[in-house]
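Chain by chain, the residues run as shown.
Protein chains: 2
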Amino acid sequence: MKESLLVIKIGGNIIDDEGKLSLFLKDFASIKGHKILVHGGGKMATRVAEVMGISQQLIDGRRITDAETLKVITMVYAGYINKNIVALLQAAGCNAVGLCGADGNVIKAHKRIHPVTDYGFVGDVDEVNAGLIQSLVEQNVSLVFSPLTHNGQGLLLNTNADTIAQEIAKAMSVLYEVSLVYCFEKPGVLMNATDDNSVIKNITLTSFIDLKEKNIIREGMIPKLQNAFAALEAGVKVVTIGHADNLQQLIHQQSGTSIINE
Amino acid sequence: MKESLLVIKIGGNIIDDEGKLSLFLKDFASIKGHKILVHGGGKMATRVAEVMGISQQLIDGRRITDAETLKVITMVYAGYINKNIVALLQAAGCNAVGLCGADGNVIKAHKRIHPVTDYGFVGDVDEVNAGLIQSLVEQNVSLVFSPLTHNGQGLLLNTNADTIAQEIAKAMSVLYEVSLVYCFEKPGVLMNATDDNSVIKNITLTSFIDLKEKNIIREGMIPKLQNAFAALEAGVKVVTIGHADNLQQLIHQQSGTSIINE
Numbered sequence: 001m002k003e004s005l006l007v008i009k010i011g012g013n014i015i016d017d018e019g020k021l022s023l024f025l026k027d028f029a030s031i032k033g034h035k036i037l038v039h040g041g042g043k044m045a046t047r048v049a050e051v052m053g054i055s056q057q058l059i060d061g062r063r064i065t066d067a068e069t070l071k072v073i074t075m076v077y078a079g080y081i082n083k084n085i086v087a088l089l090q091a092a093g094c095n096a097v098g099l100c101g102a103d104g105n106v107i108k109a110h111k112r113i114h115p116v117t118d119y120g121f122v123g124d125v126d127e128v129n130a131g132l133i134q135s136l137v138e139q140n141v142s143l144v145f146s147p148l149t150h151n152g153q154g155l156l157l158n159t160n161a162d163t164i165a166q167e168i169a170k171a172m173s174v175l176y177e178v179s180l181v182y183c184f185e186k187p188g189v190l191m192n193a194t195d196d197n198s199v200i201k202n203i204t205l206t207s208f209i210d211l212k213e214k215n216i217i218r219e220g221m222i223p224k225l226q227n228a229f230a231a232l233e234a235g236v237k238v239v240t241i242g243h244a245d246n247l248q249q250l251i252h253q254q255s256g257t258s259i260i261n262e
Numbered sequence: 001m002k003e004s005l006l007v008i009k010i011g012g013n014i015i016d017d018e019g020k021l022s023l024f025l026k027d028f029a030s031i032k033g034h035k036i037l038v039h040g041g042g043k044m045a046t047r048v049a050e051v052m053g054i055s056q057q058l059i060d061g062r063r064i065t066d067a068e069t070l071k072v073i074t075m076v077y078a079g080y081i082n083k084n085i086v087a088l089l090q091a092a093g094c095n096a097v098g099l100c101g102a103d104g105n106v107i108k109a110h111k112r113i114h115p116v117t118d119y120g121f122v123g124d125v126d127e128v129n130a131g132l133i134q135s136l137v138e139q140n141v142s143l144v145f146s147p148l149t150h151n152g153q154g155l156l157l158n159t160n161a162d163t164i165a166q167e168i169a170k171a172m173s174v175l176y177e178v179s180l181v182y183c184f185e186k187p188g189v190l191m192n193a194t195d196d197n198s199v200i201k202n203i204t205l206t207s208f209i210d211l212k213e214k215n216i217i218r219e220g221m222i223p224k225l226q227n228a229f230a231a232l233e234a235g236v237k238v239v240t241i242g243h244a245d246n247l248q249q250l251i252h253q254q255s256g257t258s259i260i261n262e
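Order-wise, the sequence lines are chains R and V. Going by this note's numbering, the residue at position 34 of the first sequence is 34; the numbering climbs one at a time, nothing skipped. Going by this note's numbering, the residue at position 247 of the second sequence is 247; the numbering climbs one at a time, nothing skipped.
One thing to keep in mind: the hints can contain errors.
Identical copies go unnamed one by one, so any copy, or any two together, can satisfy a pair.
Unchecked claim - Straight-line C-alpha distance at most 25 Å; calculated SDA-like pairs for lysine to any residue:
# : residue 1 : residue 2
1 : K108      : E138
2 : K186      : L23
3 : K32       : D60
4 : K32       : G131
5 : K214      : Q56
6 : K43       : D66
7 : K2        : M52
The hints are simulated quantities; they were obtained by calculation from the structure and are not laboratory data.
For reference, chain R alone in the conformation it holds in the complex (with noise of 0.2 Å):
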């Protein structure tokens, strides 16, 4: 049987609260057994991009990433956050090392390319390479990624941090039971989105394609779920979206989402 491994995503909100952030680490530091953490962080990044005078677009909740923003990003991302997380996790006796996509060739991506837009310097993963993840997992290492690839070519690349997690889960799932779990502000998937109340216990690929028609499931959480179902398609056993605050709960099904095969 394989052991089991846990990808927990951690983006918005929770990244930018100070207080919020440091008792989610202690949760995930309290957790057994191999675990790996994938962080975004745009709204510092967009902080920091305007302290610098560095104008920032968004299309549908995607960063247009031009050399300056990549910069920015490679900065705010892979240096001030993820060090940061990485520093706070040892002081929680979590013994954390953290990875962009460059780091060991981990995650290879290519430029996008995109009929209409010109997304800028955004990667789309082609390959994760299990090995060296594999290798630090079993040392006990809780890996931490900032959502950053590269092209092989010594470009970085912005890659959505969903999609990052997304991708790790999948090729991890060859060789661990993996649980995908994306934490946010909210407390699930919500039926109504001015309700906290209101969460959708289960969705199905059926019943995500009738929630997204209804206009019930849309915007940024809609890429969040066709990442779920990629996830569970290659292999991984369970996905589940929810609030930071009940990171416990969450990796056991006990709180938020869950993203099921039919």
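The hints should help you fit chain V onto chain R, whose structure is shown.
Frame of chain R; chain V shown alone:
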């Protein structure tokens, strides 16, 4: 017999010059065998701090690291510089992984206590944990270290890159036959600061004291050489200081200044 391990430090003008850095990294990538790179990056950090409106202060060539400066340093050193070096090394066929001292608890330090000057968030190294470094080195990973350490209580600390290189070299000399190479913008330690042809081939502890008294060796070169002698004393085989353009010669002591036992 122990295997060989090279610990190479670059800083100053090399990192600041894209063309030179790229050539240097190709040279580094072409070196056979186990190797570790340690980088600084003060000039870029100063530029980013200026753009962000954060004022900088240096005492004896060492940056006073207030909370805002620590943020900039974490972004620039561990983020921008470290990950771009890793991506460029990957492009040159060298399987690099970028770390700071918090990653894997590799370099633990304490906040400097100084009777006169408050250096701020500056770390003096307590301990290098060679285990994870060795495990990655044995997997033919070339480690790239940014000059940040941590105190084990969640705080990142700015640590002189020369010191980082020296401490890693010392710790690894228990396991490997370590050569420590300091690359900078001069061809070696000079008898006459304005004459690049006046390289001193060898320096012993006795000649160091003499050259220091004559004010030939001064300023930033003093801690560099003090580090070198401490490294020799702790078991490092040889320390060489020279120009980054001559890396291939430097690693064979055919260029630069060699710091040797009496």
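For each hint, the structure was consulted:
no.	hint	in the structure
1	K108 - E138	both (22 Å within a copy, 23 Å between copies)
2	K186 - L23	within (16 Å within a copy, 48 Å between copies)
3	K32 - D60	neither (37 Å within a copy, 46 Å between copies)
4	K32 - G131	both (22 Å within a copy, 22 Å between copies)
5	K214 - Q56	neither (32 Å within a copy, 55 Å between copies)
6	K43 - D66	both (17 Å within a copy, 23 Å between copies)
7	K2 - M52	neither (48 Å within a copy, 49 Å between copies)
Checked against the numbered hints above, the structure violates hints 3, 5 and 7; every other hint is satisfied.
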